[in-house]
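Colleague: Once you've looked at the hints, dock chain U against the given chain P.
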Amino acid sequence: MSGRRFRGEPGEHVVWLNFKDGQHPLGGGAEEYMHQVTARMAAAGQRVTVVTSRPRGAARTVQLGGVTVRRMGNAYTVYLRALLWLLRHRNDIDGIVDTCNGIPFFSPLAVGRRVPVVVLIHHVHQTMFAQHFRFPLAQIGRWIERVGNRVVYGERTIAVVSPSSRTEVRRVLGLRGPVFVSANGQAPLTVPGARRAEAPRIVCVGRLAPHKRWDLLLRAMPRVAELIPDVELHLLGDGPCRAELTALIDELGLRERVTLHGRVGDEQRNRLLASGWLTVCTSEVEGWGLAVTEAMSLGVPAVVLASPGLRDSVRNRLTGWVVARPAHLAGQLTSALIELEDPAAAALWARRCRAWAGRFTWNATADRITALLAAEDARRVDADRRAVCDLSTVVDLPVRLAARIDFTRLRGVDQVDWEAGDPADPASGRVRILLAGFDESDATALLQRIGVDTDPAVTWVWLARPADLLGWKRAAGPRAGDLRPFFADHCAAPAHSG
Amino acid sequence: MRHALTRDSIDEGRSRTTSTTAARTTPTRPLLLDRTARPPGRPQRHTDLELIFPVVNREDDLPSRLSDAAFALLALELTVSIAVVDGGSSDRTVEAIDEVAAGSLIPIRVLGCSIPGWGAGALRGARTSRARWVGFGEPDSFGRGTVDALRRAAHLLRDGTHIVCLAAEGQRLTVMDKPVAELLFDDELPDGPGFVPTLSDTPRHAGLRMAAHGRIATGAPDDWDRTLILPRVTT
Chain P
1 MSGRRFRGEP GEHVVWLNFK DGQHPLGGGA EEYMHQVTAR MAAAGQRVTV VTSRPRGAAR
61 TVQLGGVTVR RMGNAYTVYL RALLWLLRHR NDIDGIVDTC NGIPFFSPLA VGRRVPVVVL
121 IHHVHQTMFA QHFRFPLAQI GRWIERVGNR VVYGERTIAV VSPSSRTEVR RVLGLRGPVF
181 VSANGQAPLT VPGARRAEAP RIVCVGRLAP HKRWDLLLRA MPRVAELIPD VELHLLGDGP
241 CRAELTALID ELGLRERVTL HGRVGDEQRN RLLASGWLTV CTSEVEGWGL AVTEAMSLGV
301 PAVVLASPGL RDSVRNRLTG WVVARPAHLA GQLTSALIEL EDPAAAALWA RRCRAWAGRF
361 TWNATADRIT ALLAAEDARR VDADRRAVCD LSTVVDLPVR LAARIDFTRL RGVDQVDWEA
421 GDPADPASGR VRILLAGFDE SDATALLQRI GVDTDPAVTW VWLARPADLL GWKRAAGPRA
481 GDLRPFFADH CAAPAHSG
Chain U
1 MRHALTRDSI DEGRSRTTST TAARTTPTRP LLLDRTARPP GRPQRHTDLE LIFPVVNRED
61 DLPSRLSDAA FALLALELTV SIAVVDGGSS DRTVEAIDEV AAGSLIPIRV LGCSIPGWGA
121 GALRGARTSR ARWVGFGEPD SFGRGTVDAL RRAAHLLRDG THIVCLAAEG QRLTVMDKPV
181 AELLFDDELP DGPGFVPTLS DTPRHAGLRM AAHGRIATGA PDDWDRTLIL PRVTT
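Chains as they are written, first to last, in my numbering: chain P, 1 to 498; chain U, 1 to 235.
Not the full set, but computed from the structure, chain U residues with beta-carbon under 7 Å of chain P:
1) Gly88
2) Ser90
3) Asp91
4) Arg92
5) Val94
6) Glu95
7) Pro116
With the Cβ distance kept under 8 Å, some of the chain P side facing chain U (calculated, not the full set):
8) Arg166
9) Thr167
10) Val179
11) Ala387
12) Asp390
13) Gly437
14) Ser441
15) Asp442
16) Leu463
Because the hints were derived from the structure by calculation, they are not lab data. In this text, a Cβ means the ideal position worked out from N, Cα and C, and glycines have one as well.
If we strip away everything but chain P, and leave its shape as in the complex, we get (with noise of 0.2 Å):
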């Protein structure tokens, strides 16, 4: 086995692999992922270079943010051309993110074990393979997915968006490598002086699509205006569904209630969301709910149905309220909108959104992706023995303990997170560390293997819920050297001493 190639330092030369970049007319949330965080990579100084397909009339090579993107074929072809210029460019590849869409590169054929392959999937495609093909490519697709992805990369290290991605991927396609999330991050939104309505306002952003079931928002209005008369509803955006929605709006009597403002600028759209009381999103299926969260952003609670990805991204009671089936839609609606009337609640709910919205950020993403490519590239050269396990343990400790803490000694797939304490007492801080494959006992070893403290009333150890495994800020292993001293200084003096 050749020696590390990876370890997330400058000059490392890091291919990304998506079959669209942001530039293509299909381009979407994962190609917005790929270049926040390959932008970042190459900020830190590594040597980026994207591997996509070419769409007509697109140049073969550009530079965006100093990162190389390389077209080549088409949707179809792009898969083997890539190939090719892996195997071609295999002994200059310091480590590889594959992104699955559906049809994943099987980089692995081309660099073996020499280079670390972290694959990148952002949900499980089988349903949609039926949706968009007929047979026998919906089938054939469904099978490389499926077996392809679990012959190709063994026990590679996947990242998926969410805890929901997690389970699509052990439940639907079966893959044995250790499941990491890395969620999206996303853009803090501001709009200076903005005000919610005065009257009940429901304001919601996304496509008019079948998918995204805008027409069981509008059923559930009537009965929501029964005890709410003066409510309104926005909806933002535009899709194939506009027709028949503008349909059923008249069929319902919605018409002074309800507003289709179709594709509004980016200014506008903040400013009417901002506005809302509520968000809503009867989505049946989401990769992440990146709507959701921008309006946490500006503190607008939201309101989804208990499908995967949106249970990730509201935080059910705490952040909004996840509703199990679409029958009882209304009625949390018109319970949400109630307790919203009063200011001093809303503005609590305001708070704890922002709060959790604001955990989601690019350069946590980048970091952690960087992360997750070393301790790939660990493994590649020294097998971990442990059993994969999808366990995560919570430590939770005072920043005094933390810093003791030799960041360094914990793996690069464990990630950290820290709050702080009494403005007064900058030591009442706490740090949070997350164990990735470990239940309490392993980690309370290995608090004390570390010399900390594992008295339950100083430091609590708890097995992560899906919601702790979401909005770390950085990820812990040799990169984080500098957490320790950050953590002794903050114990040393108070912040606010000026």
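Modeller: Positioned in the frame of chain P, the structure of chain U alone reads:
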């Protein structure tokens, strides 16, 4: 690229918390709500029997079965608790257990076990239990027969039996003294619900008494309870 480690960055939360006097006095708790709260610690109460259920990926059926089991156990004249040991679920099993626990009159705790296998989960449950007796099985089809059998098992355990293997109404449960469970599992991990420990004829297992109790049908109009004393294995 990484999260900036500046004084401002650690004070991000603070700038939000200092707006009110109340927030200043309890600065960390309100904002910690944006992450899951620390589960409450276990109460220091005496428990006669703790049932331990090792599970993996049971998000869909576990909540209803656990609720049924907890409800059925209310009829038992013992202080009872339930421990669910998650063996590495990738779904929302733990979250689902939390929801059942929040509405249950029987204490339900959840813990993890990173070592694969039903037996490793059972051992983890036994080691962390504070009960006098521990029972191992599946939370499926808990009915009146199971509760009757547990009542009978408690009677046998009080009378000096150390291990009781139950098989009431298809339910497979093994109940034993907690120290005995730890002793036995140190030698050999159980292979699944309904296991019958192997008591070898060695000094380590000297004095241990095991009974099997069940309800059998022999063609008679009514079933009847029967307790068999299981033999010791000579090694």
